[in-house]
Each structure stands twice: as structure tokens, then as C-alpha cells.
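Construct all of the structure, not just a fragment, from the sequences and the given hints.
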Amino acid sequence: SAVISQKPSRDICQRGTSLTIQCQVDSQVTMMFWYRQQPGQSLTLIATANQGSEATYESGFVIDKFPISRPNLTFSTLTVSNMSPEDSSIYLCSVRTGVYEQYFGPGTRLTVT
Amino acid sequence: TQLLEQSPQFLSIQEGENLTVYCNSSSVFSSLQWYRQEPGEGPVLLVTVVTGGEVKKLKRLTFQFGDARKDSSLHITAAQPGDTGLYLCAGDSSNYGGSQGNLIFGKGTKLSVKP
Numbered sequence: 001s002a003v004i005s006q007k008p009s010r011d012i013c014q015r016g017t018s019l020t021i022q023c024q025v026d027s028q029v030t031m032m033f034w035y036r037q038q039p040g041q042s043l044t045l046i047a048t049a050n051q052g053s054e055a056t057y058e059s060g061f062v063i064d065k066f067p068i069s070r071p072n073l074t075f076s077t078l079t080v081s082n083m084s085p086e087d088s089s090i091y092l093c094s095v096r097t098g099v100y101e102q103y104f105g106p107g108t109r110l111t112v113t
Numbered sequence: 001t002q003l004l005e006q007s008p009q010f011l012s013i014q015e016g017e018n019l020t021v022y023c024n025s026s027s028v029f030s031s032l033q034w035y036r037q038e039p040g041e042g043p044v045l046l047v048t049v050v051t052g053g054e055v056k057k058l059k060r061l062t063f064q065f066g067d068a069r070k071d072s073s074l075h076i077t078a079a080q081p082g083d084t085g086l087y088l089c090a091g092d093s094s095n096y097g098g099s100q101g102n103l104i105f106g107k108g109t110k111l112s113v114k115p
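Residue numbers (my numbering), protein chains in the order written: chain A, 1 to 113; chain B, 1 to 115.
Heads up, some of the hints might be wrong.
SDA-like, lysine to any residue: derived pairs with alpha carbons at most 20 Å apart [said to hold, decoys possible]:
hint: 1; chain 1: B; residue 1: K107; chain 2: A; residue 2: P106
hint: 2; chain 1: B; residue 1: K56; chain 2: A; residue 2: E101
hint: 3; chain 1: B; residue 1: K59; chain 2: B; residue 2: K107
hint: 4; chain 1: B; residue 1: K107; chain 2: A; residue 2: P39
hint: 5; chain 1: B; residue 1: K70; chain 2: A; residue 2: P39
Restraint ranges, calculated between C-beta atoms of paired labels, are given here [what the hints assert, rightly or not]:
hint: 6; chain 1: A; residue 1: T97; chain 2: B; residue 2: R60; range: 45 to 53 Å
hint: 7; chain 1: A; residue 1: G98; chain 2: B; residue 2: L3; range: 24 to 32 Å
hint: 8; chain 1: A; residue 1: P71; chain 2: B; residue 2: S112; range: 37 to 45 Å
hint: 9; chain 1: A; residue 1: T20; chain 2: B; residue 2: E38; range: 21 to 29 Å
hint: 10; chain 1: B; residue 1: Q14; chain 2: A; residue 2: N50; range: 46 to 54 Å
hint: 11; chain 1: A; residue 1: K7; chain 2: B; residue 2: N24; range: 36 to 44 Å
To be clear, the hints were calculated from the coordinates, so they are not data collected in a lab. We treat Cβ as the ideally placed atom computed from N, Cα and C, and that holds for glycine.
Okay, structure coming up:
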């Protein structure tokens with residue numbers, strides 16, 4: 001298993017600003033991901049955070065809007081840029097530790113006003 | 001498009017009752033995970049099933065993966081208020097050209113167990 005922490009746990013931000021979310025894992029992991037869970041919805045993969053190279057984004061998500069850093073095997077950041085109310089969601093960091101097992105952080109609850 | 005359909009969407013029962021939650025798809029998955037999520041928290045992994053027909057037990061929870069690896073069920077025996085939460089199934093789509101780690105999630109079953 002893996003212990004994942006995220007900062008901040010929640011934030012209220014104004015339209016047009018940016019927020020950077022941090023994800024820290026208690027062990028080195030190769031595969032780290034960022035998901036979004038919109039209100040009342042299920043989880044959607046935003047991107048895979050690759051260590052030492054650019055993140056791989058899923059359809060519908062772009063680097064300019066969601067820049068990601070992965071400086072080492074235990075840490076990643078996701079920035080939500082130029083926010084609008086539609087970005088209000090829970091953002092979740094996730095890691096895969098084995099062939100199949102995937103674990104999630106506690107999430108960052110973002111509200112954009 | 002791969003979809004995972006969960007049913008029922010909502011379930012409210014009394015303590016001590018049994019229940020079953022279903023997760024169905026027209027696609028085959030290499031593995032399927034079940035998670036429980038409580039308000040304000042991230043999903044917590046309960047179990048991973050990999051082999052068709054596999055049955056796994058976690059105390060009062062029994063998980064089954066369909067023979068064709070397209071469906072799964074979660075059965076809770078003698079439910080307790082502590083079982084309350086959102087139950088999510090998620091299938092691994094990487095063997096279909098999806099990104100590794102791109103779990104396809106169902107919409108979840110919101111379970112409420114009343115004392």
C-alpha cells in the first residue's frame with residue numbers, strides 16, 4: 001500500500017486565479033496520476049505525472065490549464081490555472097504500487113467563486 | 001467507449017440486512033477494483049479482482065468477478081452503520097490502449113445503513 005498526503009485539503013479561490021496542489025507519497029512510486037471528481041460525479045483521469053518528463057494528458061485536458069510537475073518519485077504538483085467555477089471539484093492524487101493496486105490521496109476540495 | 005454501470009445508485013437499509021451491489025460492463029477488464037469513499041475523503045481500496053470467477057472475502061464483504069471479466073458484485077452481510085459510504089467499482093482499461101492507471105470508474109452506489 002501507500003500513504004498519500006495532499007495539500008491543501010481544501011481551498012476557496014477567485015475566478016481567474018491559479019492554485020497549485022501538492023501530492024506527497026511515503027515511498028518511491030513509478031506511476032503517479034491526477035484525477036478529478038466533479039460534484040456528484042465519479043472520477044476522471046486528468047493526466048499521468050511522469051518523472052523527469054512532461055505529463056501525459058487525457059483527452060479533454062491540456063497542459064496550459066493543468067500544468068503538472070514530477071521532480072522525483074515521491075512528489076508531484078498539479079496546478080489549476082485561470083480558474084472558473086466549472087473547475088470546482090475534488091482533485092485526487094493516485095499512485096499504482098503493484099501490477100493492479102492503485103491508491104488515492106485524501107483529495108483537495110476546490111471551490112471557485 | 002467503455003462504461004461501467006453500477007446498480008443500484010442509492011441504497012438505504014437497516015442495520016443487520018444483507019445487500020448486493022452490481023457493476024456491469026460490455027467490455028472485458030484485466031482487473032477490477034472496489035473502493036469505498038466517505039464524504040470529504042479519497043477512495044479507499046477494498047479489493048482487486050483479476051481472475052474470471054474469482055471470489056474474495058473481506059470480513060463481511062464478498063467480492064466476485066464474473067467468469068467473462070465483464071462484471072462484478074459486492075455483497076455485504078449483516079450491514080452495519082460503519083459500512084455507510086459511496087462504493088465505487090473501477091476497471092483497468094490499459095489492455096485496451098488506455099493509459100496505464102486510467103481506471104474507468106462507475107458512478108457509484110451510495111449506501112446508507114441506519115441503526
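Okay, the hints, checked on the actual structure:
1. B/K107 with A/P106: holds, 19 Å
2. B/K56 with A/E101: Holds: B/K56 and A/E101 sit about 15 Å apart, inside 20 Å.
3. B/K59 with B/K107: Roughly 25 Å between the alpha carbons, so the hint for B/K59 and B/K107 is violated.
4. B/K107 with A/P39: holds, 12 Å
5. B/K70 with A/P39: violated, 27 Å
6. A/T97 with B/R60: 45 to 53 Å: violated, 26 Å
7. A/G98 with B/L3: 24 to 32 Å: Holds - the Cβ-Cβ distance for A/G98 and B/L3, about 26 Å, lies within 24 to 32 Å.
8. A/P71 with B/S112: 37 to 45 Å: holds, 42 Å
9. A/T20 with B/E38: 21 to 29 Å: holds, 26 Å
10. B/Q14 with A/N50: 46 to 54 Å: 48 Å Cβ-Cβ, so the 46 to 54 Å window holds.
11. A/K7 with B/N24: 36 to 44 Å: holds, 37 Å
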